[in-house]
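> Working from the sequences, and respecting the hints, build out all of it.
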Amino acid sequence: MYEYHGWITLVSSLGEDEESDSREIIKKVEEILSPLEKERNGLAHMKALNGEQFVILAGHFNRASQIKPLLFRVFKDIAGMAPGSYGLLYVRDDEDMENQDNEFQVLRMARGSVNKCKDQYLSPCIPVIEDPFILE
Numbered sequence: 001m002y003e004y005h006g007w008i009t010l011v012s013s014l015g016e017d018e019e020s021d022s023r024e025i026i027k028k029v030e031e032i033l034s035p036l037e038k039e040r041n042g043l044a045h046m047k048a049l050n051g052e053q054f055v056i057l058a059g060h061f062n063r064a065s066q067i068k069p070l071l072f073r074v075f076k077d078i079a080g081m082a083p084g085s086y087g088l089l090y091v092r093d094d095e096d097m098e099n100q101d102n103e104f105q106v107l108r109m110a111r112g113s114v115n116k117c118k119d120q121y122l123s124p125c126i127p128v129i130e131d132p133f134i135l136e
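The sequence shown: position 112 = 112 (the working numbering), numbered continuously.
Simulated from the structure, these hints should not be mistaken for lab results. Wrong hints could be hidden among the right ones.
[What the hints assert, rightly or not] Derived lysine to any residue pairs resembling SDA-like cross-links, with alpha carbons at most 20 Å apart:
1) Lys76 with Gly112
2) Lys28 with Gly84
3) Lys28 with Gly51
4) Lys118 with Trp7
5) Lys28 with Met1
6) Lys38 with Asp21
7) Lys28 with Asp77
8) Lys68 with Gly51
9) Lys118 with His5
10) Lys27 with Gly80
11) Lys47 with Thr9
12) Lys27 with Glu52
13) Lys47 with Ser65
[Stated by the list, open to error] Label-pair distances were calculated between CB atoms; the ranges are:
14) Ile26 with Lys68: 22 to 28 Å
15) Asn50 with Asp21: 17 to 23 Å
16) Glu136 with Asp94: 19 to 25 Å
17) Glu136 with Arg63: 25 to 31 Å
18) Ile129 with Arg73: 25 to 31 Å
19) Pro127 with Ile26: 41 to 47 Å
20) Glu95 with Lys47: 30 to 36 Å
21) Arg40 with Ser113: 43 to 49 Å
22) Ala48 with Ile134: 45 to 51 Å
Quick caveat, the model's predicted, so the values are computed rather than measured. The beta carbon of each residue, even a glycine, is placed where N, CA and C say it ideally should be.
The structure is reproduced here in structure tokens:
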């Protein structure tokens, strides 16, 4: 099982003057999100709220291979094209091969970069959010 939940506040640049290219950035982000929006088991949505643009990402898939490369590329591409943007992406992969199958992985977007962070709120998944599996 592979699940993810994320949000991005879309800000085109780190500086004060971002009005000039914000429409172009919004159009590019819509293009980048398009493949994720087509996924049956996922959600990728951009919405304007009080004059600011926000991206919401969520999904639940049987296998990471179905969506992981696309999801990570979308997150990193948005960071690169709109370096003032910031947000978080929480990912849980119960078949993770790097011994992270019992924890959420967190990607943090800030100042044009995406970094992996350790989750301190929902991990370890067992016992924080789930009971251990007991064979009877």
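> Hint by hint, which ones does the structure fall short of?
5, 6, 8, 13, 21
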